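Peer 1: Sequences listed follow chains A and B, in order. If you count by this note's numbering, then the first sequence holds residues 1 to 144, one letter each, in order. If you count by this note's numbering, then the second sequence holds residues 1001 to 1440, one letter each, in order.
Heads up, some of the hints might be wrong.
[To be verified] Keeping only pairs whose Cα atoms sit at most 30 Å apart, straight-line, the calculated DSBU-like set for lysine-lysine is: (1) LYS1328/B <-> LYS56/A; (2) LYS1372/B <-> LYS13/A; (3) LYS1179/B <-> LYS13/A; (4) LYS26/A <-> LYS4/A; (5) LYS26/A <-> LYS1237/B; (6) LYS1397/B <-> LYS2/A; (7) LYS4/A <-> LYS1237/B; (8) LYS28/A <-> LYS85/A; (9) LYS4/A <-> LYS28/A; (10) LYS1356/B <-> LYS1372/B; (11) LYS1090/B <-> LYS54/A; (12) LYS13/A <-> LYS1397/B; (13) LYS126/A <-> LYS28/A; (14) LYS1208/B <-> LYS54/A; (15) LYS1328/B <-> LYS13/A; (16) LYS56/A <-> LYS1073/B; (17) LYS1372/B <-> LYS56/A; (18) LYS92/A <-> LYS26/A; (19) LYS13/A <-> LYS1208/B; (20) LYS1206/B <-> LYS13/A; (21) LYS92/A <-> LYS110/A; (22) LYS4/A <-> LYS106/A; (23) LYS1206/B <-> LYS56/A; (24) LYS1073/B <-> LYS4/A; (25) LYS129/A <-> LYS54/A; (26) LYS1328/B <-> LYS1237/B; (27) LYS1385/B <-> LYS4/A; (28) LYS1415/B <-> LYS2/A.
[Unchecked claim] Per label pair, the in silico range of CB-to-CB distance: (29) GLN1425/B <-> PRO80/A: 51 to 57 Å; (30) THR1408/B <-> THR137/A: 20 to 26 Å; (31) VAL68/A <-> TYR1080/B: 57 to 63 Å; (32) GLY63/A <-> LEU1412/B: 52 to 58 Å; (33) MET1203/B <-> THR137/A: 53 to 59 Å; (34) ASP119/A <-> MET1203/B: 56 to 62 Å; (35) PRO1276/B <-> SER18/A: 28 to 34 Å; (36) ALA1232/B <-> VAL68/A: 23 to 29 Å; (37) GLN1425/B <-> ALA102/A: 53 to 59 Å; (38) GLY1144/B <-> LYS54/A: 41 to 47 Å; (39) GLN125/A <-> GLU1202/B: 38 to 44 Å.
I should point out that these hints are in silico values taken from the structure, not numbers from a laboratory. Please read these numbers as outputs of a predicted model, since none were measured by experiment. C-beta: ideal position from N, C-alpha, C; glycine also.
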Amino acid sequence: MKLKQLSLFLENKPGALSRPVRLLAKAKFNILTLSIADANQFGILRLILRDWEKAKQLLEQNGFVVRVTDMVAVEVADQPGGLAKILDAVEKSGLNVEFMYAFTEKRANKAILVFRFDDPDRAIQKLQKHGVNVIATVDLLAQT
Amino acid sequence: MKKKVSPPFHPVSAPDFLPLDQLHQLQLQRLQVMVQRAYDHVALFRQRLTERHLTPADIRSLDDVAKLPFTVKTDLRDTYPYGLFASPMKDIVRLHASTGTTGKPIVVAYTREDIAVWENVMMRSFAACGLHAGDVIQNAYGYGLFTGGLGAHYGGESLGATVIPISGGNTQRQLMVMKDFGSTAICCTPSYFLHIIEQAPEMGVKLKELPLRAGIFGAEPWTESMRQRIQAESGLKAYDIYGLSEIIGPGVAMECLCQAGPHIFEDWFYPEIIDPQTGQVLADGEEGELVLTTLGKQAMPMIRYRTRDITSLTREPCDCGRTLRRIKRIGRRSDDMFIIRGVNVYPSQIETALLKVECTLPHYQILLTRDKGLDEVEVQVEVTKEVFGDTVGALEKVQAQICHSIETLTGLRMKVRLVQPQTIQRSEGKAKRVLDQRKM
């Protein structure tokens, strides 16, 4: 159920983002989705890739600090109020969202969001109880 | 429970255990011969004694050392290159030079007998940390004008150990040799060894599984926390060796298996601790500047040489039974110190502060800048896998912890910048910790 995310430490300076991205491109890794968090002096690049283990190895060999985190992917109706509904469930379950971002791909009229919770297992359980469709990793990564 | 260390002592270590009265007698004899020699052959020294209305005959006890004038680094520069030599060139068999960070280098000279003394103290240094014939010493100190390489080389060979004269640098080759040749000991700077530790996984080398058991680290100030880190990550025992070219090179003092601070080879080097401001001799246990007098040097006798190293001396008996006094690890040098907003700061304080924050590695650099007359310090610290959380908050927390730790130790708020791993230049010799870009 959990989805692996790679996070990379980036310094806040020109070229910091393009280096890892070019590296992955050259090795033919397809980035399924990504997000960037930025602070004053540094940033964090978060990536979801199909072949995350190999990508991690490549990045580490090239001197990046990489961390793997478990994310939870959920389906959201692509219509007004879709996200609000999910967040209702999150709130009612007493879950704390560290951060979230959207998937670039869509399934029919559903969008996909990825969430980072402190306790992903508990989050999955609670969300399912509230009728949220948590997407299995295999389903997601099998899409092209 | 107190751990007693009683290894079989190597016969070369015998002088380390001299009863104090015999040691003092030997020191005085050697001192008198050397003062006479310097007086006869070194114009600067003779002139300084004459100014103080002293002659070599006034040195009747070890306490009289305090009457002698100090020698400072600029004396070596002012008399560059050969002005302090007490032997004719035909007796001098070796010259070394230190790379001067400011202006001209300093030159030091050795007669054949001086080389023998150096060999002796280096041999005793290796023996003190348990090395003997059969050990394989990977000597990664630089060979050349720097005294580190050849000093360790001769000492290792005399001990009967196998010396690999690999010199500094080329980390991949260092790791290959370490693994393939089965090195049991390595000599280099602590910061360079840290770099080796870091590179090992990439080369597929598991340091803990190698026969390597002793690291003889010196040539730059380091901290106890750094030792703990090195030992935990590499499985070897890290020993502190102390020395300086002006006195002889490495081998002025060396830690024994107890790792309780370097023992000074007092039969050849007479130590004092002084108040750097007043020049007054301080008692054992008090912290001040280390001053050394060579007791057997022929080519270049050094009398009361001010090392700029801040430490203290202790006569407290060491568990190893050596009668030699120990110095406290040298964590700082008075010339590494930088002054920021009127506060004296040593790089070692920053290092200690960093090591106090969990999981940070001491790969750091201190950048000094001046903006509109105001001094700014930026401490750049490399992010490691261990500290990198995937939230901005986690990283900002690390940043704040480092900031706080530095402020606690120095009383100053410094800017902390987290940088990508491997971006701070690794040195193969002495680490360059402070980049002063202030325009004075």
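Peer 1: Of the hints stated earlier, which fail here?
Peer 2: 1, 3, 5, 7, 8, 10, 11, 13, 15, 16, 17, 18, 19, 20, 24, 25, 28, 30, 32, 33, 34, 35 and 37
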